[in-house]
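S.K.: If you want the building blocks of each chain, they are given just below.
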Amino acid sequence: MAVDRSEIEKLAVLARIEMTDEAAEQVASSISDVLKLVDQLQAADTDGVAPMAHPMDAVQRLRLDEVSESDQREKFQAIAPATENGLYLVPKVID
Amino acid sequence: MHNKTIAELIQGLRNKEFTSRELTQHYLDRIERLDSNYNSFITVTKDSALAQADAADQRLAAGEAPDLCGIPIAHKDIFCTDGVRTSCGSKMLENFVPPYNATVVENYLAQGAVMLGKTNMDEFAMGSSNETSYFGAVKNPWNTDCVPGGSSGGSAACVAAQLAPAATATDTGGSIRQPAALCGLTGLKPTYGRVSRWGMIAFASSLDQAGPMTRTAEDAAIMLNAMASFDSKDSTCIEHDVPDYTAELNNSLDGLTIGVPAEYFGEGLNPAIATAVNAAIETYKKLGATIKEITLPHTDLSVPAYYVIAPAECSANLSRFDGVRYGHRCEDPKDLNDLYCRSRAEGFGDEVKRRILVGAYALSSGYYDAYYSKAQKVRRLIKQDFVDAFDPAKAGVDIILGPTTPDPAFAFGAKSADPVAMYLEDIYTIATNLAGLPAMSLPCGLIESENGELPVGLQLIGNYFDEARLLNVAHQFQQVTDFHQHTPPGIA
Chain A
1 MAVDRSEIEK LAVLARIEMT DEAAEQVASS ISDVLKLVDQ LQAADTDGVA
51 PMAHPMDAVQ RLRLDEVSES DQREKFQAIA PATENGLYLV PKVID
Chain B
1001 MHNKTIAELI QGLRNKEFTS RELTQHYLDR IERLDSNYNS FITVTKDSAL
1051 AQADAADQRL AAGEAPDLCG IPIAHKDIFC TDGVRTSCGS KMLENFVPPY
1101 NATVVENYLA QGAVMLGKTN MDEFAMGSSN ETSYFGAVKN PWNTDCVPGG
1151 SSGGSAACVA AQLAPAATAT DTGGSIRQPA ALCGLTGLKP TYGRVSRWGM
1201 IAFASSLDQA GPMTRTAEDA AIMLNAMASF DSKDSTCIEH DVPDYTAELN
1251 NSLDGLTIGV PAEYFGEGLN PAIATAVNAA IETYKKLGAT IKEITLPHTD
1301 LSVPAYYVIA PAECSANLSR FDGVRYGHRC EDPKDLNDLY CRSRAEGFGD
1351 EVKRRILVGA YALSSGYYDA YYSKAQKVRR LIKQDFVDAF DPAKAGVDII
1401 LGPTTPDPAF AFGAKSADPV AMYLEDIYTI ATNLAGLPAM SLPCGLIESE
1451 NGELPVGLQL IGNYFDEARL LNVAHQFQQV TDFHQHTPPG IA
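In the order they appear, the protein sequences are chains A and B. For reference, each letter of the first sequence is one residue, going 1 to 95 in my numbering. For reference, each letter of the second sequence is one residue, going 1001 to 1492 in my numbering.
Not one of these hints is a red herring.
List of simulated lysine to aspartate or glutamate pairs, DMTMM-like, C-alpha gap at most 20 Å:
1. A/K75 <-> B/E1106
2. B/K1334 <-> A/D95
3. A/K92 <-> B/D1332
4. B/K1233 <-> A/E66
5. B/K1233 <-> A/D71
6. B/K1353 <-> A/E7
7. A/K75 <-> B/D1322
8. B/K1233 <-> A/D65
9. B/K1353 <-> A/E18
10. A/K36 <-> B/D1418
11. A/K92 <-> B/D1335
12. B/K1334 <-> A/E18
13. A/K10 <-> B/E1346
14. A/K36 <-> B/D1300
15. B/K1353 <-> A/E25
16. B/K1286 <-> B/D1482
Quick caveat, the hints were computed from the structure, so don't treat them as lab data.
Just need the whole structure built from these sequences, with the hints factored in.
M.R.: Have a look at this one:
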């Protein structure tokens, strides 16, 4: 299946990636090539086949609901672009 | 010293032929003198390497040191290293200094191994040529006009150029085996869940697996002994005993059955590679193995299934790079959405963006069943092909053998403008990631190509958790051949 520029622009919004019109045009063409490749899947007979998410069909391990980590806020926030009083700073969201 | 294997270096340290400090300094000097030719390192950790070497020398002098104590190694820049920049080959993480170590890094530190530095790679491990790295392409030591393969191209180039005796790497669709093949090395991708993914920056979580890049199968076994562990911090790690992977290296191959899939020798395979792989089959017959033709009928669907599943998982995994908690943030965002959109547009390169968008498409409402769900069903069919091949009631083989790649190393730019041509480079490696099986590549020849004399990779695929046998089968080949001892021109 081919995708056009407007579809790429929609996806770019969903994926939170700013994109110029020119870039979207280029990306549309290369992604259409990728989708042509993956369209080969449609010919496969998968009736009655269960989707596979883990190679050994393992399920999530559970653990007791106990505290296992110590407070490392300062260490983690030391590498953040902007923090104040233990909070991550972003542009104002609500006026 | 740099032409020795890890097994030899371990003996050298114990026989006091050299100290870890001398060994480490020797490799650091080589990196400083030669790496401008290859660009295989993003970061060299000279001071901490020498401090680790001194600590290792003390441990060695006290006796009872683990195998890798004092052995210098390099880590792919995808493994988080406490206090050492971990870029994942991306502008997004150009200045990211993790506050913790990946479990793989921790496991080697516990052994007393010395970290020389962090190796270059395709951005977020997305690529088969190392051309997508924000830090520039890595050059193949066999011909510096050629790619080293990817995504673990820096790990491959530094070991091939003997700037490190071994390196860690990761393999999501062939990123250990393909660069190992293109650089004439031995590379092992273990069973999915054998090695902890904790602290390994995620690309496609149901496929990603770490493994070693070395010059011999014996070295790969020594490296895997330290690397493999059960880790409760990785929710998909499998609880399975870690054997001594060196214990079975010398087993005879008498009675071994090797399956050769017809699909791996079809159209698209370079004839010179087919010749080299066929010669390897003859070698195995002489070693006592029985060769059996098998079929893996869904092979053709592995690349299409992968390019739905891997981008889908990547689009989810890479959503964490938002410019808020760490990583690149744009200048003067006008609102929160602008912060996200511009930070990600500036931080990610073209291939990463392409895969995020393909993933977002495959997961979007209305397309989920046609793409993502369909690919996951095909994934089970691909796995079943292998299960049938190993099943004693069906084909009943012990090992599957074929080429690692359809072509030897190619020139820079040869495939970078055509993503689909680049994706097909991994046609023989991807199916084992989808199935979760262990596989390795080892050198099986040198061929004349338009880019000069280049190495060829032989791929061996094993059953789940059968790494010891895989290493045994590779080691026996290396006992009667010398392809793994060939070095790139100018390296000796």
